[in-house]
Amino acid sequence: MAPPWAPSRFWQYWALAGMVALTAAFWWSITGYALFESGGLRSAIADGLLRFSLLVLTPALLLVWLAAAWLRRRIGEGGYWQFFGLVAMIWAGSVLVTRMLAA
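If you're matching positions, the sequence shown starts at 4 in my numbering and goes up one per residue.
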């Protein structure tokens, strides 16, 4: 007997998003830490944004990705992807601005 609803592709998309999110978080963790240790930032704003993105936003991106099953039950599939996209855009924006300020 067939299932009463169509199977969801949520976990396939989640795995693909995880490949991108985990790679980006790993890259920024290594690059950001090297930038922090080199002392190459000349402004307090860039230093603060670097610390915030490394200590708060990168773990937030990974936690939102990891908590997919819990969030999916509470806010639905569409809501999860909107929330994950919002966190990813905030993270990417902070990385971009930090890289621009560091150059």
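Keep in mind the hints are simulated off the structure, nothing from the lab. These numbers were taken from a predicted model, which means no experiment stands behind them. Heads up, the beta-carbon is just placed ideally off N, CA and C, and yes, glycines get one too. Each hint should be verified, as a subset may be incorrect.
Distance windows between CB atoms, simulated [as the list claims (entries may be wrong)]:
| hint | residue 1 | residue 2 | range |
| --- | --- | --- | --- |
| 1 | Gly82 | Leu58 | 24 to 30 Å |
| 2 | Tyr36 | Ala72 | 36 to 42 Å |
| 3 | Leu104 | Ser32 | 36 to 42 Å |
| 4 | Ser41 | Phe13 | 36 to 42 Å |
| 5 | Ile48 | Arg12 | 39 to 45 Å |
Legend entry - Hint check for Ser32 and Leu104 - Cβ pair distance inside 36 to 42 Å: For Leu104 and Ser32 the Cβ distance comes to about 18 Å; the hint is violated.
Inset, instruction - State, for the Cβ atoms of Ser41 and Phe13, whether the hinted interval 36 to 42 Å holds or is violated. - result: holds, 41 Å
Inset, instruction - Using the beta carbons of Ile48 and Arg12, state whether their distance is inside 39 to 45 Å or not. - result: Check passed, 41 Å falls within 39 to 45 Å.
Legend entry - Hint check for Ala72 and Tyr36 - Cβ pair distance inside 36 to 42 Å: Given about 30 Å between the Cβ atoms, the range is violated.
Inset, instruction - With respect to the beta-carbon atoms only, verify the hint that Gly82 and Leu58 lie 24 to 30 Å apart. - result: holds, 27 Å
The structure shown violates the earlier hints numbered 2, 3.
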